[in-house]
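Participant: Chain by chain, the residues:
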Amino acid sequence: MTKQSQFLVAGSVLLIGSLLWEQLAAKPSSASNEALSAKIADLEAKVQTLEDTNQIERLQRVYGYYLDKKLWDEIIPLFTEDARVEIGGRGVYVGRTSVGHLFKDVMGGGKEGLEYGTLHNHMQLQGIVDVDPGGRTAKGRWRAFMQVAAIKRSALWAEGPYEIEYAKVNGKWMFSKMRWYPTYYVPYDKGWDKLEAQTGGASMTTNKQYPPDQPPSGDARPFPDVYTPPFHYKNPITGK
Amino acid sequence: MSTKWISAVAMVACVACNTTYLHAQDKKLQARIEALEKRGADQNARLQNLDDIEKINKLTRAYGYYVDKNLWNEVVDLFAEDCTVEIAARGVYLGKKGADRLFRGAFGGGKIGLPPGRLFNHFQLQGIVDVDPGGRTAQGRWRVFAQIATVGRTAVWSEGIYEDVYVKEDGVWKFKKMKFWPTYYTPYDEGWAKKNLPNNGPSNEYPPDQPPTDNAGVFPELNMVPPFHYKNPVTGK
Chain A
1 MTKQSQFLVA GSVLLIGSLL WEQLAAKPSS ASNEALSAKI ADLEAKVQTL EDTNQIERLQ
61 RVYGYYLDKK LWDEIIPLFT EDARVEIGGR GVYVGRTSVG HLFKDVMGGG KEGLEYGTLH
121 NHMQLQGIVD VDPGGRTAKG RWRAFMQVAA IKRSALWAEG PYEIEYAKVN GKWMFSKMRW
181 YPTYYVPYDK GWDKLEAQTG GASMTTNKQY PPDQPPSGDA RPFPDVYTPP FHYKNPITGK
Chain B
1 MSTKWISAVA MVACVACNTT YLHAQDKKLQ ARIEALEKRG ADQNARLQNL DDIEKINKLT
61 RAYGYYVDKN LWNEVVDLFA EDCTVEIAAR GVYLGKKGAD RLFRGAFGGG KIGLPPGRLF
121 NHFQLQGIVD VDPGGRTAQG RWRVFAQIAT VGRTAVWSEG IYEDVYVKED GVWKFKKMKF
181 WPTYYTPYDE GWAKKNLPNN GPSNEYPPDQ PPTDNAGVFP ELNMVPPFHY KNPVTGK
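Protein sequences appear in the order of chains A and B. Each residue of the first sequence is one higher than the one before, starting from 1 at the first, in this note's numbering. Each residue of the second sequence is one higher than the one before, starting from 1 at the first, in this note's numbering.
By construction, these hints were calculated from the structure, which means they are not laboratory data. Built from N, CA and C at the ideal position, the CB exists for glycine as well. Just to be clear, a hint being listed does not mean it is correct.
[Said to hold, decoys possible] Here are some, though not all, of the chain B residues that point toward chain A, as calculated from beta-carbon distances under 10 Å:
(1) K55
(2) Y66
(3) I128
[As the list claims (entries may be wrong)] List time: in silico EDC-like cross-link candidates among lysine to aspartate or glutamate, alpha-carbon distance up to 20 Å:
(4) B:K58 / A:E51
(5) A:K39 / B:E190
(6) B:K111 / A:E163
(7) B:K179 / B:D51
(8) B:K231 / B:E81
(9) A:K190 / B:D189
(10) B:K55 / A:D130
(11) B:K58 / A:E163
(12) B:K96 / B:E163
(13) B:K55 / B:D77
(14) B:K38 / A:E34
(15) B:K55 / A:E57
(16) A:K69 / A:E112
(17) B:K55 / B:E34
For reference, chain A alone in the conformation it holds in the complex:
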């Protein structure tokens, strides 16, 4: 080997060595890069769940404000194509067309908007929303507190919990299943302690003109009967 080639070899070894050293030195960086990516993925998942929960809470409250004023044309698009809805004892309505009949025709008498002299307040309260793993579906429990009246004819307090299922369709949360269980219907001038308090009336009967797709579940009767609607969630402490 000539001196020149000896220098070249030594030089090449140095150059390659320095590149290797760079690679080795870069190793810790790529490890922390991976750890960072994992942390960000974890953050993104947490943000997504909170955002989904917030959007579902908003949907539920939006529904309540529309219901107050009988804005059925706003309510019906909030349901999925295959939604199942059961309100009180009116029976089960399946699919958006049927659900439309339930709200607009059965509950709204075919009319859009609250008429003069009527009150239809439906406060949406105490929501517990749980997004299912995967983030495509969710479940919620809410309560409605209602003041329903027709001037000089009737005035009613009513209350009861909802158990609801939601589905995310094209990035938007919608109602896919809704059931409302009446706790009581009480005439304002009587109160809960009177036996005639159990006055579900039309809310506890099936409509003849727009019958439900399936009969009422029939398990939940209002006060003075007592019924505990099943909880979609486990006890948050015991997990049972």
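Dock chain B against the given chain A, drawing on the hints supplied.
Facilitator: Showing chain B alone in chain A's frame:
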């Protein structure tokens, strides 16, 4: 100097330069990663706070739905072992055993589940939840709006304020301290202007561990302002 030597020095200089340059680049990258990690940790802490609030909201609301139906076994399970519970003028109950004596005993007469003909609605509303620094404890103020009835006998409206302390044990939020101040108990027939009922005193059958801590009077006798766990959010006072 021979060409050989010049080329050798140039080569060594080149290697040294390259190494120094790469080393500096590495340090920059490392600094950026560390800054990102710090930002990630900050965001994680903020998210954790929101997540904790959401879990505490759910706990308190779940409590309400269980109370509605007198599911006292489910209610008592929501409390920490060393809890303190004081409802209205019933006195102070200590520990989970105390909570059981108060809820299942004094409220439920030893029975679980709401019997037919009874109503015991307890809406849990307007929650203000603040997680303490460190994220191990939290405090909340809530209001309950209640409709209580026995068919053919009584019907009552009631409302009041809770101040709760929560504790996170093994990653799960629980009630550590619950205190409730009633605002009113009003018979349905008569309304607030005409008739208001007094507090129930301590139970004889299921006595408290300690007497009531204050005179939690009800409308119209005493208009007590339950102490706020939080400062005014604008003035900070």
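Participant: Next step is simple, just say for each hint if it's right about the structure.
Facilitator: Structure-based check of each hint:
Interface hint at K55 of chain B: satisfied, since its Cβ lies 8 Å from the closest Cβ of chain A, which is below the 10 Å cut-off. Interface hint at Y66 of chain B: satisfied, since its Cβ lies 8 Å from the closest Cβ of chain A, which is below the 10 Å cut-off. A least Cβ separation of about 15 Å between I128 of chain B and chain A goes past the 10 Å threshold, and the interface hint is therefore violated. As the CA atoms of K58 of chain B and E51 of chain A are separated by approximately 16 Å, the hinted pair is consistent with the 20 Å bound.
Restraint check for K39 of chain A and E190 of chain B: the C-alpha separation of about 60 Å exceeds 20 Å, so the hint is violated. Simply put, K111 of chain B and E163 of chain A have alpha-carbon atoms about 26 Å apart, too far for the 20 Å limit, and the pair is violated. Straight-line distance between C-alpha atoms of K179 of chain B and D51 of chain B comes to about 24 Å, which puts the hinted pair past the 20 Å bound. The suggested pairing of K231 of chain B with E81 of chain B is violated, with an alpha-carbon distance near 29 Å, which exceeds 20 Å.
Of the pairs offered as hints, the one joining K190 of chain A and D189 of chain B holds, with about 7 Å between alpha carbons and a cut-off of 20 Å not exceeded. Between K55 of chain B and D130 of chain A the alpha-carbon distance is near 10 Å, which keeps this suggested pair within the 20 Å criterion. A distance of roughly 15 Å separates the Cα atoms of K58 of chain B and E163 of chain A; the hinted pair therefore holds under the 20 Å criterion. Taken as a hint, the K96 of chain B and E163 of chain B pair is honoured in the structure, with Cα atoms around 18 Å apart against an allowance of 20 Å.
Restraint check for K55 of chain B and D77 of chain B: satisfied, since their Cα atoms lie roughly 16 Å apart, inside the 20 Å limit. In summary, the hint linking K38 of chain B to E34 of chain A is supported, as the alpha carbons are separated by about 15 Å, within the 20 Å threshold. Straight-line distance between C-alpha atoms of K55 of chain B and E57 of chain A comes to about 14 Å, which keeps the hinted pair within the 20 Å bound. Between K69 of chain A and E112 of chain A the CA atoms are separated by roughly 9 Å; this keeps the pair inside 20 Å, and the hint holds.
Note on K55 of chain B and E34 of chain B: the hinted pairing is violated, with a Cα-Cα distance of about 31 Å set against a maximum of 20 Å.
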